[in-house]
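J.: This is what each chain is made of:
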Amino acid sequence: MYNDYKDRADFLAVYIREAHPLDEWQMKKNVDENVCYPQPTTLTQRIAIANDFTQRFHFPLPLGIDPMSNLADHLYAGWPERLYVIDESGKIVYRGGIGPFNYHPAEVRAWLEKRFPEVHVEVHDEVHAAD
Amino acid sequence: MRVLKWTAIGLLAILAIAFGVGCYFMGSPRDLYGFLRYALPQWHRGDLRVGNPAPDARLIALDGQSSFYLHERIGARPLVLIFGSYT
Chain D
1 MYNDYKDRAD FLAVYIREAH PLDEWQMKKN VDENVCYPQP TTLTQRIAIA NDFTQRFHFP
61 LPLGIDPMSN LADHLYAGWP ERLYVIDESG KIVYRGGIGP FNYHPAEVRA WLEKRFPEVH
121 VEVHDEVHAA D
Chain A
1001 MRVLKWTAIG LLAILAIAFG VGCYFMGSPR DLYGFLRYAL PQWHRGDLRV GNPAPDARLI
1061 ALDGQSSFYL HERIGARPLV LIFGSYT
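Residue numbers (the numbering used here), protein chains in the order written: chain D, 1 to 131; chain A, 1001 to 1087.
Calculated from the structure, these hints are not laboratory results.
None of the values given here were measured: they were computed from a predicted structure.
Where is the CB? At the ideal position from N, CA and C, for every residue including glycine.
Check each hint, because a few of them may be wrong.
[As the list claims (entries may be wrong)] Here are a few chain D residues that face chain A, going by a calculated C-beta distance under 7 Å:
id, residue
1, Phe11
2, His20
3, Ile47
4, Gly64
5, Ala72
6, Ala77
Only chain D is shown next, with the shape it has when bound in the complex (with noise of 0.2 Å):
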């Protein structure tokens, strides 16, 4: 989706406290894929556990950390994941649902697809907004 539409729409990742630390409820899934990380205590380990994983991914996506204060994730309502779109006004154009089960990148996809209808996409099945 950024790939298609980062040209018409700006995308911003917002990283937020960990969802699945080894010290709270840790997945199985993150122990398979060695990602196992306590939940940070200072903005050091969390900006260090941010830059593991842009690094790991390669992920090409602009992204901003939330401090330890928590207050965008508080105001967005963000953990465990969620996405929205805001148009140039500064309003609310989409919310999503609290992810994972109500995370649905083609829903975003689907409002990007309205709002550029000239862009002619492959689309492909979504797990996350950054494919």
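Given chain D's structure and the hints, the job is docking chain A onto it.
T.: Relative to chain D, chain A alone:
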């Protein structure tokens, strides 16, 4: 006394079924506990709606040295916001 006994048995049976169904959908008893402990309290968090102004928040850059405000990224084009973490 007999009614009380069967009521207790019925409640235990309902709890056992709910536990079994929960474990099935979440994958394991541990994940069911994690869902109830960490996810369920977050389920109805946040009151933003479509049409509301997007709140502003300061975000730290990956270098850890600089920061920017979310509102600085709004205005020129639609902005897709993706909240998430590594784990």
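J.: Quick one, is the Ala72 of chain D hint okay against chain A at 7 Å, beta carbons?
T.: Holds. Min distance 4 Å.
J.: Per the CB criterion, is Ala77 of chain D less than 7 Å away from chain A?
T.: holds, 3 Å
J.: Is the interface hint satisfied for Ile47 of chain D? The criterion is a beta-carbon contact with chain A at less than 7 Å.
T.: This interface hint holds because 4 Å falls under the 7 Å limit.
J.: For the restraint on Phe11 of chain D, tell me whether the closest CB of chain A is nearer than 7 Å.
T.: holds, 5 Å
J.: If you take the shortest Cβ to Cβ gap from Gly64 of chain D to chain A, is it below 7 Å?
T.: Gly64 of chain D check passes; min Cβ-Cβ to chain A is 3 Å, inside 7 Å.
J.: Taking the least C-beta to C-beta distance, is His20 of chain D closer than 7 Å to chain A?
T.: Constraint on His20 of chain D satisfied, holds at 4 Å.
Hint compliance for this structure: no hint is broken.
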